[in-house]
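> Use these hints to put chain B onto chain P, whose structure you have.
Here the protein sequences line up with chains P and B, keeping their order. For my numbering, count along the first sequence from 1 and bump the result up by 103. For my numbering, count along the second sequence from 1 and bump the result up by 11.
The hints are simulated quantities; they were obtained by calculation from the structure and are not laboratory data. The beta-carbon is built from N, C-alpha and C at its ideal position, and this holds for glycine as well. Take these hints with a grain of salt, some might be off.
[As the list claims (entries may be wrong)] Heads up, simulated DMTMM-like pairs for lysine to aspartate or glutamate below, C-alpha to C-alpha not over 20 Å straight-line:
no. : chain 1 : residue 1 : chain 2 : residue 2
1   : B       : K100      : P       : E188
2   : B       : K100      : P       : E181
3   : B       : K100      : P       : E264
4   : P       : K233      : P       : D151
5   : B       : K100      : P       : D265
[Claimed, not checked] If the Cβ cut is set under 8 Å, some of the chain B residues that face chain P in the computed set are:
no. : residue
6   : L26
7   : A35
8   : I41
9   : L56
10  : A83
11  : M98
12  : Y99
[Claimed, not checked] Okay, the calculated beta carbon distance ranges per label pair:
no. : chain 1 : residue 1 : chain 2 : residue 2 : range
13  : B       : R97       : P       : Y194      : 30 to 36 Å
14  : P       : L110      : B       : Y99       : 42 to 48 Å
15  : P       : P241      : B       : K111      : 22 to 28 Å
16  : P       : Y131      : B       : D103      : 16 to 22 Å
17  : P       : G232      : B       : L110      : 41 to 47 Å
18  : B       : L110      : P       : S214      : 38 to 44 Å
19  : B       : P66       : P       : L243      : 18 to 24 Å
20  : P       : G198      : B       : K100      : 30 to 36 Å
21  : B       : N67       : P       : A111      : 27 to 33 Å
22  : B       : R97       : P       : S214      : 47 to 53 Å
23  : P       : T259      : B       : I80       : 15 to 21 Å
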Amino acid sequence: MADAVFLAISVLTIGSAIASLEVRSMIYGSISLMVTLAGVAGFFLLLDAPFVAMFQISVYVGSIAVLILFTVMLVRRELLFHKIEDPRRRYAGIGLMIVIMLGIGTIIIGSGLKSMEVDAPSVDFREIGKDFLTYYSPALVVMGLILASAVIGALTLARREDVTNEQRTD
Amino acid sequence: MSNELIEFVLVSVALLAIGIYGLAVKRNAIRMLFAIEMIVNAANLNVVAFSRFIPNSQGQTLALFSIAIAAAEVAVGLALIIVAYRMYKNIDIADFRRLKG
Numbered sequence: 104m105a106d107a108v109f110l111a112i113s114v115l116t117i118g119s120a121i122a123s124l125e126v127r128s129m130i131y132g133s134i135s136l137m138v139t140l141a142g143v144a145g146f147f148l149l150l151d152a153p154f155v156a157m158f159q160i161s162v163y164v165g166s167i168a169v170l171i172l173f174t175v176m177l178v179r180r181e182l183l184f185h186k187i188e189d190p191r192r193r194y195a196g197i198g199l200m201i202v203i204m205l206g207i208g209t210i211i212i213g214s215g216l217k218s219m220e221v222d223a224p225s226v227d228f229r230e231i232g233k234d235f236l237t238y239y240s241p242a243l244v245v246m247g248l249i250l251a252s253a254v255i256g257a258l259t260l261a262r263r264e265d266v267t268n269e270q271r272t273d
Numbered sequence: 012m013s014n015e016l017i018e019f020v021l022v023s024v025a026l027l028a029i030g031i032y033g034l035a036v037k038r039n040a041i042r043m044l045f046a047i048e049m050i051v052n053a054a055n056l057n058v059v060a061f062s063r064f065i066p067n068s069q070g071q072t073l074a075l076f077s078i079a080i081a082a083a084e085v086a087v088g089l090a091l092i093i094v095a096y097r098m099y100k101n102i103d104i105a106d107f108r109r110l111k112g
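One chain only, chain P, in its complex shape (with noise of 0.2 Å):
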């Protein structure tokens, strides 16, 4: 059976993915959507992946929601407060979200995954390291050739060509 700690962090990630929609302002969502991606940052302790939790820390709670944040506050403030949304489309997105736990929920559970049984110790992330470095080591290179794009193309869309720097005089 599920034990508390469990419970209290599936509670936390659900509520505030579902806050982090539904919340008026912006800046409470995505500071919401923080806590969800710490809660799934809880759920990988959980199941003894401590290297993957702390990746997840650093990269998602650390860099992406700031990196969210600051966009947020970039957009004009009269935007982040305006909700425009049809009710009936909201009731269809509704709808579809419970026909999909439901469907997939009753699926799962009819599968007999509850019979799977852990008896082997976690997972060493000693063997991680030895993962990356010798199987999918051009993996590795290809991310970080994709990482090293990404940020170049980032800064690229972002720039301003109508903005040009003045040397100031005085």
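Chain B in isolation, oriented as in the chain P frame:
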């Protein structure tokens, strides 16, 4: 280890459903990015859960790759939103209709 695999998978399904709801309903570009992040996190949670219970270290490796790729995706996505906001002075998806060419 007192938790079972199916509980993690069910939480992951809930996150996926919330993310799909956000993508379907919201018209705010940044909120749609939030929803995409939730879906990616649901996938990562699933992968790490299965790698714990099989047990195999490659699931965690895949999750690490996935987190890094998601970081790149968010950076480019936010830059695109900023450019579109500069062009249309709005972050409403319906205002970006002219982008369809």
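> All hints, please: hold or fail.
Each hint tested on the structure:
1. B:K100 - P:E188: holds, 19 Å
2. B:K100 - P:E181: holds, 12 Å
3. B:K100 - P:E264: holds, 17 Å
4. P:K233 - P:D151: Holds, because 18 Å separates the two Cα atoms, which is no more than 20 Å.
5. B:K100 - P:D265: The given pair, whose Cα atoms are some 16 Å apart, holds under the 20 Å limit.
6. L26: holds, 6 Å
7. A35: Result: holds, 4 Å to nearest chain P Cβ.
8. I41: Nearest chain P Cβ about 6 Å off; hint holds.
9. L56: It holds, given that the least Cβ distance between L56 (chain B) and chain P is near 6 Å, below 8 Å.
10. A83: holds, 3 Å
11. M98: Since the shortest Cβ distance to chain P is 12 Å, the answer is violated.
12. Y99: This interface hint is violated because 11 Å lies over the 8 Å limit.
13. B:R97 - P:Y194: 30 to 36 Å: holds, 34 Å
14. P:L110 - B:Y99: 42 to 48 Å: This hint holds: roughly 44 Å between Cβ atoms.
15. P:P241 - B:K111: 22 to 28 Å: Violated: the Cβ-Cβ distance is about 38 Å, outside 22 to 28 Å.
16. P:Y131 - B:D103: 16 to 22 Å: The hinted range 16 to 22 Å holds for Y131 (chain P) and D103 (chain B), with Cβ atoms some 20 Å apart.
17. P:G232 - B:L110: 41 to 47 Å: This hint holds: roughly 43 Å between Cβ atoms.
18. B:L110 - P:S214: 38 to 44 Å: holds, 42 Å
19. B:P66 - P:L243: 18 to 24 Å: holds, 23 Å
20. P:G198 - B:K100: 30 to 36 Å: For G198 (chain P) and K100 (chain B) the Cβ distance comes to about 34 Å; the hint holds.
21. B:N67 - P:A111: 27 to 33 Å: At 28 Å between Cβs, range holds.
22. B:R97 - P:S214: 47 to 53 Å: Check passed, 48 Å falls within 47 to 53 Å.
23. P:T259 - B:I80: 15 to 21 Å: The hinted range 15 to 21 Å holds for T259 (chain P) and I80 (chain B), with Cβ atoms some 19 Å apart.
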